[in-house]
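Enquirer: Sequences listed follow chains A and B, in order. The numbering used here numbers the first residue of the first sequence as 530 and each following residue consecutively. The numbering used here numbers the first residue of the second sequence as 755 and each following residue consecutively.
Please keep in mind that the hints were generated in silico from the structure rather than gathered at the bench. Predicted model only: the values in this text are computed from it and were never measured. You may find that some hints are simply not true.
Claimed, not checked - Short, incomplete list of chain B residues facing chain A, as computed with Cβ under 7 Å:
{"id": "1", "residue": "R812"}
{"id": "2", "residue": "E900"}
{"id": "3", "residue": "S901"}
{"id": "4", "residue": "A905"}
{"id": "5", "residue": "E942"}
{"id": "6", "residue": "T945"}
{"id": "7", "residue": "N950"}
Claimed, not checked - Below are the DSS-like pairs computed for lysine-lysine, each with C-alpha atoms no more than 27 Å apart in a straight line:
{"id": "8", "chain 1": "B", "residue 1": "K923", "chain 2": "A", "residue 2": "K639"}
{"id": "9", "chain 1": "B", "residue 1": "K1051", "chain 2": "B", "residue 2": "K807"}
{"id": "10", "chain 1": "B", "residue 1": "K1044", "chain 2": "A", "residue 2": "K641"}
{"id": "11", "chain 1": "A", "residue 1": "K545", "chain 2": "B", "residue 2": "K937"}
{"id": "12", "chain 1": "A", "residue 1": "K593", "chain 2": "B", "residue 2": "K842"}
{"id": "13", "chain 1": "B", "residue 1": "K1023", "chain 2": "A", "residue 2": "K545"}
Unchecked claim - Computed list of chain A residues with no C-beta within reach of chain B, every gap over 12 Å:
{"id": "14", "residue": "Q562"}
{"id": "15", "residue": "D581"}
{"id": "16", "residue": "L602"}
{"id": "17", "residue": "A609"}
Even for Gly, the Cβ is constructed at its ideal location relative to N, Cα and C.
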Amino acid sequence: MRYFQTVLNACADIGKGLWITLRTMVKPAITVQYPDEKLVPYPGFRGVLLYDAEICISCSLCVKACPSECIQLESRKNEAGKRVPKVSWYSLDVGKCNFCRLCEEACPTKPKAVWHSRDFEAVFSSREEMVRYWRKGTEYPGQWYDPVTRTYKPVAGQVSLQTVPERILY
Amino acid sequence: MTPAPLRTDQLFVNLGPQHPSTHGVLRVGLTLEGEVIMRAEPDIGYLHRGTEKLSEIRGWNQLVALSDRWDYCNAMGNNLAYCLAAEKLLTVEVPERAQHLRAVMCELNRIASHLIFFGTFGIDIGAFTPFLHAFREREMLLDLFESCTGARLTYNYIRIGGVMRDLPKGWPDLCREFLEFFKPRLQEYDTLLSFNPIFLDRTKTVGHISRESALNWGVSGPNLRASGVKADVRKLDPYCLYAKYDFEIPVGKTGCCWDRYYCRMLEIKESVRIVEQALGLLADGPVMAKGVAKILKPAPGESYGHVEAARGDLGVHLISDGNTAPYRLHVRAPSFMNLQILQELLVGQRMSDVIAILGSIDIVLGEVDR
Ligand code: SF4
Ligand code: SF4
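Chain A with its partners taken away, still in its complex shape (with noise of 0.2 Å):
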């Protein structure tokens, strides 16, 4: 007779949670279709770094800031041999990042001359494309980023599902 009970109350409890496992079923799926859909994420996300030569002044101080000592730069030395505020070269490598934003708070320039971007796509399939240079013809000016209007460039295929309720959906 015991041995009936607890077989009849294991069926009882099973049948509790498949009720929930069926209940959550029948709601509209929470996940994102990824490569077709895609999060936008949100304002400030730290994604891959940019890099603009034209406002930085080579003052060195994200390459003093940062944790990973990832960033390296040059000055560019103008006839004199005297160090100009410009850079010769800057170099990045998203390898070593760890996208923790320390580079970008200590940069005094405005707008920032390092920055993150909403990129959160960084595939690389060496290590070489990793370190991103920028030197005069090689910028490397990220996925969305137009460095002539200095402005994003909308992203294409995307959806937005960031609030609670959107996200929950019932």
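Put chain B with the ligands on the given structure of chain A with help from the hints.
Expert: Frame of chain A; chain B with the ligands shown alone:
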């Protein structure tokens, strides 16, 4: 003719380092006699990144970013433990709003961390559905973190002297909305997993830690409280403004796996209460103390700060010799301490219960190895 006596050999089994249930890279060397475990040797160090040594050449401000990586499921707690220790050295006074924000973030992070435990413990036992439910809620929490700090896992939010930046507009309302959504989910979790008879059978009878051995092994956090010891740094040595909040410390009775599990579930409820109170007490004001330099040089001395992180009593011991980097940084990592009890706990248990016990201790290998 009498049959020859059965000859039994002890069997050595490697659990890990790539086992899905070890939550990282942990190897446990098990010596078995039939199904019963005779010896268990946790072998750690696979995830060692040398952050303690690295701290000796990095600046004081930069170490917050490194501290994120100790216990990556509970990065806010790590930030806070380090900042508390550094602030003691620098004698910085943290503004009130920042104190409340720290408490809010730490408690939300505790919820997120316990949700991972809830989900993965279910998987360890063989219940997959709770995992999906837990991660649905955790995703919303991470969204809250993302909108406030800009990152989803390694926040680098709590800084020496305050917090990184103020809340974005409307954040407290979003957070309250989430909490309202979240509270009924806790009951759902109880139905799904906590009081499921199969789950109870698997976890109630194994992995008992007695009060004495828990204290002797230096276990802390929910694992200690499950054995009936009412020890919580938030009450014993209140930091931030935890003395102002009204919350309970859930304790277990027998120290079995289920008690450890249920302690965490009750803790989530208390965390929700704390977040609500802290959000109510938020008053306008600065979020960063004045006069915290970019490059810090604290006076020579020592300090110790500890917090109740999601996995226990997380302490940071700092020694300064007046330089731009600490002379020594030592982390008292709760996961590391909690893991050691496995040597005693697993002996005499059956092979099939190892995963349940290992899961219930809730270790994060990033913190064990640092
Ligand atoms: S985000 Fe952090 S790690 Fe990355 S370059 Fe800036 S300071 Fe260095
Ligand atoms: S801190 Fe800003 S201005 Fe200075 S070198 Fe770095 S990017 Fe350029």
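Enquirer: Against this structure, judge whether each hint is valid.
Expert: These are the hints, each one checked on the structure:
no. : hint             : verdict
1   : R812             : holds (6 Å)
2   : E900             : holds (5 Å)
3   : S901             : holds (4 Å)
4   : A905             : holds (5 Å)
5   : E942             : holds (6 Å)
6   : T945             : holds (5 Å)
7   : N950             : holds (5 Å)
8   : B/K923 / A/K639  : holds (23 Å)
9   : B/K1051 / B/K807 : holds (19 Å)
10  : B/K1044 / A/K641 : holds (23 Å)
11  : A/K545 / B/K937  : holds (19 Å)
12  : A/K593 / B/K842  : holds (25 Å)
13  : B/K1023 / A/K545 : holds (22 Å)
14  : Q562             : holds (15 Å)
15  : D581             : holds (19 Å)
16  : L602             : holds (18 Å)
17  : A609             : holds (31 Å)
Hint compliance for this structure: no hint is broken.
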